[in-house]
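My numbering puts the sequence shown at residues 1 to 30.
For the record, the hints were derived by calculation from the structure and aren't laboratory data.
These numbers were taken from a predicted model, which means no experiment stands behind them.
Just so it is clear, CB atoms sit at the ideal spot from N, CA and C, and this is done for glycine as well.
Treat the hints with care, as some may be off.
Stated by the list, open to error - Simulated DEER-style distance windows between Cβ atoms:
#	residue 1	residue 2	range
1	Gly2	Lys30	38 to 44 angstroms
2	Ile22	Gly2	26 to 32 angstroms
3	Ala3	Lys30	36 to 42 angstroms
4	Phe27	Phe6	28 to 34 angstroms
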Amino acid sequence: MGAFLFFTFAICYLVGIIAITIAFKFFRRK
Numbered sequence: 001m002g003a004f005l006f007f008t009f010a011i012c013y014l015v016g017i018i019a020i021t022i023a024f025k026f027f028r029r030k
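Start from the sequences, fold in the hints, and give me the full structure.
Right, here's the structure in full:
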């Protein structure tokens, strides 16, 4: 169960970084 929670946390962390990066680039371009 701990591994599953860690895996879910890792996915959310990566998705968050990607979303912030895209939003930051879009904000700078605009």
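Violated hints - listed by number, lowest first = none
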